[in-house]
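Colleague: Starting from the known structure of chain A, fit chain B onto it as the hints suggest.
Sequence order for the protein chains is A and B.
The first sequence begins at 1389 in this note's numbering and counts up by one.
The second sequence begins at 769 in this note's numbering and counts up by one.
If you're looking for bench data, these hints aren't it; they were derived computationally from the structure.
Some hints could be false.
Stated by the list, open to error - Calculated pairs, SDA-like style, for lysine to any residue (alpha carbon to alpha carbon, straight line, at most 20 angstroms): (1) A:LYS1429 - B:SER855; (2) B:LYS806 - A:GLY1428; (3) A:LYS1442 - A:THR1461; (4) A:LYS1432 - B:VAL792.
Stated by the list, open to error - Simulated DEER-style distance windows between Cβ atoms: (5) B:ARG831 - A:GLN1468: 41 to 49 angstroms; (6) A:THR1461 - B:LYS784: 42 to 50 angstroms; (7) B:GLY830 - A:MET1427: 30 to 38 angstroms; (8) B:TYR832 - A:GLY1391: 15 to 23 angstroms; (9) B:VAL814 - A:THR1461: 17 to 25 angstroms; (10) B:ASN826 - A:GLN1468: 43 to 51 angstroms; (11) A:GLU1402 - B:ASN820: 41 to 49 angstroms; (12) A:GLY1404 - B:SER780: 38 to 46 angstroms; (13) B:THR846 - A:GLY1404: 43 to 51 angstroms; (14) A:GLY1447 - B:THR773: 15 to 23 angstroms; (15) B:ASN820 - A:GLU1456: 30 to 38 angstroms; (16) B:LEU816 - A:ASP1444: 22 to 30 angstroms; (17) A:GLY1404 - B:ARG831: 43 to 51 angstroms; (18) B:SER780 - A:GLU1456: 41 to 49 angstroms.
We treat Cβ as the ideally placed atom computed from N, Cα and C, and that holds for glycine.
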Amino acid sequence: EAGVTQFPSHSVIEKGQTVTLRCDPISGHDNLYWYRRVMGKEIKFLLHFVKESKQDESGMPNNRFLAERTGGTYSTLKVQPAELEDSGVYFCASSQDNNRGSLLNTEAFFGQGTRLTVV
Amino acid sequence: AQKVTQAQTEISVVEKEDVTLDCVYETRDTTYYLFWYKQPPSGELVFLIRRNSFDEQNEISGRYSWNFQKSTSSFNFTITASQVVDSAVYFCALSEYYNTDKLIFGTGTRLQVFP
Chain A
1389 EAGVTQFPSH SVIEKGQTVT LRCDPISGHD NLYWYRRVMG KEIKFLLHFV KESKQDESGM
1449 PNNRFLAERT GGTYSTLKVQ PAELEDSGVY FCASSQDNNR GSLLNTEAFF GQGTRLTVV
Chain B
769 AQKVTQAQTE ISVVEKEDVT LDCVYETRDT TYYLFWYKQP PSGELVFLIR RNSFDEQNEI
829 SGRYSWNFQK STSSFNFTIT ASQVVDSAVY FCALSEYYNT DKLIFGTGTR LQVFP
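For reference, chain A alone in the conformation it holds in the complex (with noise of 0.2 angstroms):
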């Protein structure tokens, strides 16, 4: 079975450009997120959709960023115009539906990432 799958895998862009990164999660999958990790920094939660309506974008950090989940199978994050603090590495995972209200949780499955740099 195929995992999640992330492209591309570098990205070196001027400021200003426009950027798009995809996702493809794992078949089956209705929940897919987007992380953000700043070099040294933590791995931050930008998004989450359920099959294609965001559950929650509290962490998207301004309206430069876009994402979309058209029929809820892959996804894309845009980036437009890029600045040089978009720098980092975009990481994409993905899950079943969980049962809320009990104590199980599903297991998140991560992509390899994408390597986004600015200059």
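Modeller: Same frame as chain A, but now just chain B:
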């Protein structure tokens, strides 16, 4: 506020040594989950363990063991007889019961195991 602290930025050991990675967390919830993930050089985050706050039993899986202590809000990870393949960045994370879909990560500890 919810927070995970991994005070050790980088640890270097020689193969076969035991090593403990520290994780201290803060949360207002009485029910929560704790995790450890491994990030090898290939980049992906690999799930190692999930523990819920009701279960304070220590867990052992091969050379890996975890010590969960609610009294000190710690969830430490020990690798026994370390190997070069254990070299990676290790992240501790927390998720809260009423928002189990959001992981709160620490800054990670880079472990280097030398032959």
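Colleague: Evaluate each hint against the coordinates.
Modeller: Status of each hint after checking the structure:
1. A:LYS1429 - B:SER855: Measuring from Cα to Cα gives roughly 19 angstroms; hence the hint holds.
2. B:LYS806 - A:GLY1428: Roughly 15 angstroms separates the two Cα atoms, so the pair holds.
3. A:LYS1442 - A:THR1461: The hint holds at about 13 angstroms.
4. A:LYS1432 - B:VAL792: Between LYS1432 (chain A) and VAL792 (chain B) the Cα gap is close to 17 angstroms, so the pair holds against 20 angstroms.
5. B:ARG831 - A:GLN1468: 41 to 49 angstroms: For GLN1468 (chain A) against ARG831 (chain B), whose Cβ atoms are near 46 angstroms apart, the range 41 to 49 angstroms holds.
6. A:THR1461 - B:LYS784: 42 to 50 angstroms: 46 angstroms, holds
7. B:GLY830 - A:MET1427: 30 to 38 angstroms: 32 angstroms, holds
8. B:TYR832 - A:GLY1391: 15 to 23 angstroms: Since TYR832 (chain B) and GLY1391 (chain A) have Cβ atoms about 21 angstroms apart, the given range 15 to 23 angstroms holds.
9. B:VAL814 - A:THR1461: 17 to 25 angstroms: Given a distance of about 24 angstroms, which is inside 17 to 25 angstroms, the answer is holds.
10. B:ASN826 - A:GLN1468: 43 to 51 angstroms: 48 angstroms, holds
11. A:GLU1402 - B:ASN820: 41 to 49 angstroms: 46 angstroms, holds
12. A:GLY1404 - B:SER780: 38 to 46 angstroms: 40 angstroms, holds
13. B:THR846 - A:GLY1404: 43 to 51 angstroms: About 47 angstroms separates the Cβ atoms of THR846 (chain B) and GLY1404 (chain A), which means 43 to 51 angstroms holds.
14. A:GLY1447 - B:THR773: 15 to 23 angstroms: 19 angstroms, holds
15. B:ASN820 - A:GLU1456: 30 to 38 angstroms: For ASN820 (chain B) and GLU1456 (chain A) the Cβ distance comes to about 33 angstroms; the hint holds.
16. B:LEU816 - A:ASP1444: 22 to 30 angstroms: 25 angstroms, holds
17. A:GLY1404 - B:ARG831: 43 to 51 angstroms: 49 angstroms, holds
18. B:SER780 - A:GLU1456: 41 to 49 angstroms: Taking Cβ atoms as reference, SER780 (chain B) and GLU1456 (chain A) lie about 43 angstroms apart, which means the hint holds.
The structure agrees with every numbered hint stated previously.
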